[in-house]
Amino acid sequence: MHEMALRVTVNGERVSRTVEARRTLADFLRDDLRLTGTHLGCEHGVCGACTVLLDGDAVRSCLMFAVQADGAEVTTIEGLSERNGELTPIQAAFQAEHGLQCGYCTPGFVVSAHAFLAEHPNPSDEEIRDALSGNLCRCTGYQGNIAAVKRAASGSSS
Amino acid sequence: MTAGRFIGQAITRTEDPRLLTGRGRYIADVLVPGASDAAFLRSDVARGRIVCLDTEAARSAPGVRAVYTAADLNPLVHDITTAGMPDAPFPPKYCLAENDVRFVGDPIAIVVAENRYLAEDAVELIDVEIEPQDPVLDVDAARDADSELVHPEVGTNTPQIIPPFGDPELDQAFADAAHVVRDTVVMHRYVQVPMECRGIIAEWDPYSYELTVWSSTQSVHGVQTFLAGLLGIGSNKIRVLQPDVGGGFGQKTTIGRDEWAVVLAAVLLGRPVRWIEDRRENLTAAAHARDESMDLSVALDGDGAVTAIRGEYIENIGAYQTMGSNGMGAFLAPFLTNAYKIPKVGFGSQAVYTNTCGKAPYRGPFLMYAVGIEQLMDTAARQIGVDPLDLRRRNVIRAEDLPYTLPSFLCYESITPAETLDEAASMIDYDGFRAEQIAARDQGRCLGIGISLCVEPSAIAFGQMGTEAATVRMDFNGKVTVAIGSSSTGMSVATTMKQVVAEHLGCSPDDISIIQGDTATTPYGAGTAGSRSAVLYGNAVAGASTELRSKLLEIAADALEAAAHDLEIDAGRVFVRGTTTKGISFAELAQVAYVGHDMVPPGTAPSLEASHRYKAPTFTFSNACHICTCEVDVDTGRVTILRYVVSEDCGRMINPKVVEGQIFGGVVQGIGGVLYEHMVYDDDGNPLTSTFVDYLLPTAAEVPTIEVGHIESPAPNPLGVKGMGEGGAIASPAAVVNAVADALAPLGVKVSGSPLGPRQIFEMIAAASD
Amino acid sequence: MKPAPFDYHCPDELAEAIAILQRYGDEAKVLAGGQSLIPLLSLRLSRFDHLVDLQAIDDLRGVTAIDGSIRVGAMTTQAALARSEDAAAVPLLAKATSHIGHYQIRNRGTLGGSLAHADPAAEYPAVAVALDASLEVAGPSGSRRIPALDFFESTWATTMEPDEILVAVHFPIWAGSCGWAVAEVARRAGDFAMCGAVCGIQLDGQRVSRAALALFGVGSAPVRAHTVESALTGITVDDLDLSDIGAELAASLDPPGDLHASGDQRRKMAKVLVPQVLATAIDEAKHA
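Protein chains in written order, with this note's numbering: chain Y, 1 to 158; chain X, 1 to 770; chain C, 1 to 288.
Be careful, since some hints might not be right.
According to the in silico footprint, chain Y covers these stretches of chain X (three or more CB under 8 Å from chain Y) [what the hints assert, rightly or not]:
(1) 23 to 30
(2) 238 to 246
(3) 487 to 499
What the hints contain is simulated information worked out from the structure, not anything from laboratory work.
Computed from a predicted model, the values in this text were never measured in an experiment.
Glycine is no exception: its CB is placed at the ideal position from the N, C-alpha and C atoms.
Could you put together the complete structure from these sequences and hints?
Now the structure itself:
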């Protein structure tokens, strides 16, 4: 039973595939479904670049096998984005605060921020820093990322 | 400096929307039909003889298309030319390890398979036996006459020695000194760690005799030139494309031996080969950084003026450092005096091979010139009983000292270290902190403050880094395309260059497209490194835009029946100054040039294209002052950064937010380097910190809010800009070390460098109280 | 960094899961949240021919109150545990959970997985040991209970048989005026602790009527501080010299050293953390 049948909803679309059991959810999304917005920064669950939503919860897709997502709903950065050229409030906040440079960690930050702000719409500065501590960034020194989440929080609470 | 319409404005980046929505296309996202995936068999021994290498089982494993070893690939290597520093040390030119291995991670074989999963399975089937030999790990032992050699072919473990040289009166200056302060400043080994690992796709077409390479690189032309030599084919037969790149910081300035193997494999196999590095490889086998020390002495007179400085610099360059880029000694020597008026200098250095991962440049690779003296300044201040701020004020180069000629004969014409020192001190409320520190000490708490000044030799412009070109072209519809030889890896080249073009041409950034990262469509360039983009690409783009502007005005003057000097441009329209009706748009001008060219004045070429190759001065000096405050918990050894301020002068800022972003990133890399990141080898040469579980990067929870003040002094180039991308990383380590040293000094602890993790701090405190 | 191949089993009955473990022995491994196991597999530091995913066994999830205890299903995620109203009867669980990794990890990581993984620097094992939790384990020969103190053998080793599965954990509920605290010293937010302490204090007026204290990160398994607990019990709060207690406990430890901290250093950390958690718990108990 190396290969398994997999039925999963990804960004609202029902997907049915046969996958090798050892294929990570991250690789399944990226290579099988060509949703390459989810990135691999470490493949051992530390950097957060692979963050997706699983049934609404932020998880590290490199720490799941695709088969574990059978029957679940997965949302990737593509699923959290518009397609008409508009940015969501969180994305607009990241742009306004220069919260990205090379962009590699960015989808992970946006997805994580999305999940965090849904549960904590009025976070303190310390809560924001703690919430972002599971996503690594090398370019920004986190200054713009923290400011972006703060800005998005204050925007959405009005 | 007043901001222009576009230059000086913190406009939001045009790179952002697609990156924010997951539409970035990084190397692992590039689809090349028919591509196979590669994985490497790497040495798990730091030094040893390969006694058996049998790839039979691997070759017949499921999905495997080829397995190549040194026997297959190394003979294909034609010539490896280095675009490195003059007289830089050079390791032997092996692609894959031949008869022996020289560091843990040394690539021995490449497996090419249907996908990475199967490739890794097959790697495990390769039968390899390595007879371990004692590795050379320590730079002192390595320099011993009877040490084993890392590279027997080279015949020495010290391929680059700069024998001590300097001012003939140096010894006398030290003899006459009122105070001599000496310390060995140490920076441990840490790593660039871009968030995206390396990656390369190579496709060789034996019928068109063309090589196409996608490379996560900081320089497409550098890769192209290198591969032309590697393969012995014309560079016109090689196209190198840069996808989006997730950071480089110097690790991606050149391609490594494993990447050469991917290209050679693609040539041998006749099918495209892709290799995406994983994080364990990136941490252990890509390239390392820092790992250097300097025995530094300063002589001071009775008034605290530093009269002489002497440095002996030892650098551990590992086994296969990239392309002769290291051997930083030659780089350090001219800048040893940093921001101070020190008349006499002596210097010597050695670059030492060891059986460890080789080094590549890392954001400010020559930073020891600043780290050394900045730490010595604090040590000296404590030794002679003055405040480190006062000692710096006593010695810093001031406006009235300019132009200031260094002992190395370089000249500072326009720098502001004294001003930044004052601004930073004011921002942090230096005196207020000193009072707070005393009060805290009474409560048993250890607070500290650390200053670090740096004059940054930015936009290093000699050799092939000396010039950059831009071609600015207006199309049929009046829109503008700019081709430059850059390969941005996150440093906002596209947005900032649009700002420069918009300012010079008089149109909107939305009407401008920047083309970079493709050797087929851009002029030769050295890429992004060395804090050079603003100066080199900025001025090239400014020059070409200015030329195009003149052409537009010439054609417009004729069309509008006005004198060119009476014309202005705004929002993509040329108009007669003082009127609103007498004008002609870029679109209309384009029609004149491309269609109605009879209307172009005689003697004027109907060209809407301009190229300009800008030659920069060898160095453009920017400067900054960093001040950091911290608290050291003496029970646990943990350090908390309280505040961090930067006063910086990079000349005219194209985009203040971009400048600040660069500083923020560099500062956190410095904080990370000193307090968290430590690349550790055990006594057998095994890397112990091979994943993010043990190699710790700072997170949002560990960094303070970084405050930045800006000073803009004139720069010796038409655009008035200076480079600053590395300054944040150059100045920060000493600021953090000095803050910790200041916190612990009352306990009798002497801090000489990094790392300063909890263990190191605890042991220093324990040793001091014994 | 891709895992080696394995056969994947996802039974919906516990008995089936046990049968698979029994059939394949050493070649099979239970997969819970995967937050510790999957990195090991991806790095190929561990490999198994068979993975037995427990996520489809609904009986393994959920928190119920049973007679003075709460029963927490082994597959209850750390995030769910922190949110659970029933689990709030054992406040130490929620307090410990907030120190675990990051929320992305806690959304997948499970209580049972963490306990079975038995990392000496993890929080839950220390909580289980401090509270005398009882671990419900099932195997081919049936179900049994292992007291927490007997469960953690050594680093990454428990006293479960290879074909046994942790099913649930029973945590006793303390009555009366109680206070709880968790404190640890880690390199960064969410990292494994270099040294940590969990404690519970029950007050009867101004007297300590019950105390529980365990340390983690200072040995190959959590260290229960029975001597300290006895020394505290029956004593008036104001008469306690917490720093003395901390010093004595610390001196009795023989912690390991590594890149992050030496053995001496961990001892010093314990010396500081013990009074800290005791004071916090006492303070909370006073206001309960």
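Results for each hint:
no., hint, in the structure
1, 23 to 30, "holds (count 6)"
2, 238 to 246, "holds (count 3)"
3, 487 to 499, "holds (count 4)"
When the structure is compared with the earlier hints, no violation turns up for any of them.
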